[in-house]
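These protein sequences, in sequence, are chains G and R.
Under my numbering, think of the first position of the first sequence as 4, with each following residue one higher.
Under my numbering, think of the first position of the second sequence as 4, with each following residue one higher.
Any given hint might turn out to be false.
Any copy will do: because identical chains look the same in the list, a pair fits if it lies in one copy or spans two.
As the list claims (entries may be wrong) - With a straight-line cut-off of 20 Å between C-alpha atoms, the simulated EDC-like cross-links for lysine to aspartate or glutamate are:
| id | residue 1 | residue 2 |
| --- | --- | --- |
| 1 | Lys175 | Glu158 |
| 2 | Lys19 | Asp190 |
| 3 | Lys83 | Asp164 |
| 4 | Lys177 | Glu214 |
| 5 | Lys77 | Glu46 |
| 6 | Lys177 | Asp223 |
| 7 | Lys149 | Asp208 |
I should point out that these hints are in silico values taken from the structure, not numbers from a laboratory.
There are 2 protein chains.
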Amino acid sequence: MAGDPVAEKAAASVLKRAVELDTARRFTESLVCYQEGLQLLMEALKANGQDENRRVELRKRAESYMSRAEFLKKHIENEKEAGKYHEKIEIGANSIGHSYQKVLGRFLDEYVTKVEIEDPYVRSTHQVYNLLRLSELLVGSCPNLKSIFLLTGRESGNQQDMLDELKQSLAKHKVVLNVEYSNTLHDREIRLDNGWIIKIGRGLDYFRPPEGKFSLGYCDYDLRPCHATTVDIFHSSKVRSVSNK
Amino acid sequence: MAGDPVAEKAAASVLKRAVELDTARRFTESLVCYQEGLQLLMEALKANGQDENRRVELRKRAESYMSRAEFLKKHIENEKEAGKYHEKIEIGANSIGHSYQKVLGRFLDEYVTKVEIEDPYVRSTHQVYNLLRLSELLVGSCPNLKSIFLLTGRESGNQQDMLDELKQSLAKHKVVLNVEYSNTLHDREIRLDNGWIIKIGRGLDYFRPPEGKFSLGYCDYDLRPCHATTVDIFHSSKVRSVSNK
């Protein structure tokens, strides 16, 4: 077998993305890419048939990325502990690849037991579906999730019925959904009790309508074009206690 | 910082699953779990604050899993080359965690350019949605995908319109969808031109109807309970050439 050029190519492309994200100071995403790229590079190194010079070169490259990844990890930890971590992501108009999994997924873990969502627009059908999708992601990614708190605007219509159905469904997964209404609310943020706070400029409703009901992107939000919005990510128990009502 | 007991616990649980899958001869899935578990174990090892005895123990454990993973990898390669790879997965009635991503995802890669689907039941609305979801997964996971071929049963009604919309949408992603109809078809299989063949007993339609339109599992198929079915996985260019029409 003659090496694994595909693993090498894949590693190169993921690591290139890691460096781009690193330069853009999108550190948590960058770290995920460094780790993934390094794993692919290890695969390439394990493959047979590489000549020794090439192996030495790959190993050197791996070492430099590894030290950058370790630096980033420490940097994130330090900023978190100092309560001043901040990362900014610009979602471009009509860009794709921004499902809730991509935006939030890397912050969801065993430490999350409570999620607080403030979003004035969880009112119409497609907006309740946004909350359903987010809930599915939370249930699938946070094994110790106990409760979700939603603060949103009140709408006449069937908002209440839809949210009640979601509430009953979450209860079957042992997660309590509490909903409160405020029509003066304008903040949009998601607070996880592992310390991460994600502020999406437009709230959950940043996807464009689907092109059609049987078109790619109708089910998979990673293929759905987005409206332009900014995501700010913070980590701080201090920020959280201030912004709590 | 006192070690990382969470990474260690997570590693233990993923590696336990790897061994279970290994015992059940579900080798491709087992390999994914070994690799993931080993990465978590490395995380645990990297964390500070572990005493030296514990580190030696963890390192020993890692080595034994690593050698099993490498054995499996070689075993799968050998069986593939000999044209006799076969793996069987039983999906239990009402069990969850069997989205197309989970069943097929690990076989999708850069080598897939053509996907052939034989399934008599891509007819009604929810069945065309199954195909849409599978198409979204293929487009997202196979960067070199050029064409999808579907052989299914013909239905009066709007089957043709739905498939036409999907066809146009795939064309925008530079993927050609060709559909042929046969009402004598009874086989259900998905053939990838990287050599993998996945036969799902019930075809794509193995999910139970959702509990409600705003219930968990409506959007995320990993949370949707399934009907009982068997998945057989083969790898062989020989099998493929025989089963081609």
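Going down the list of hints, with the structure as the test:
no. : hint            : in the structure
1   : Lys175 x Glu158 : neither (26 Å within a copy, 37 Å between copies)
2   : Lys19 x Asp190  : neither (35 Å within a copy, 43 Å between copies)
3   : Lys83 x Asp164  : neither (40 Å within a copy, 53 Å between copies)
4   : Lys177 x Glu214 : between (36 Å within a copy, 16 Å between copies)
5   : Lys77 x Glu46   : between (25 Å within a copy, 13 Å between copies)
6   : Lys177 x Asp223 : between (26 Å within a copy, 18 Å between copies)
7   : Lys149 x Asp208 : neither (24 Å within a copy, 32 Å between copies)
When held up to the earlier numbered hints, the structure conflicts with 1, 2, 3, 7 and fits the remainder.
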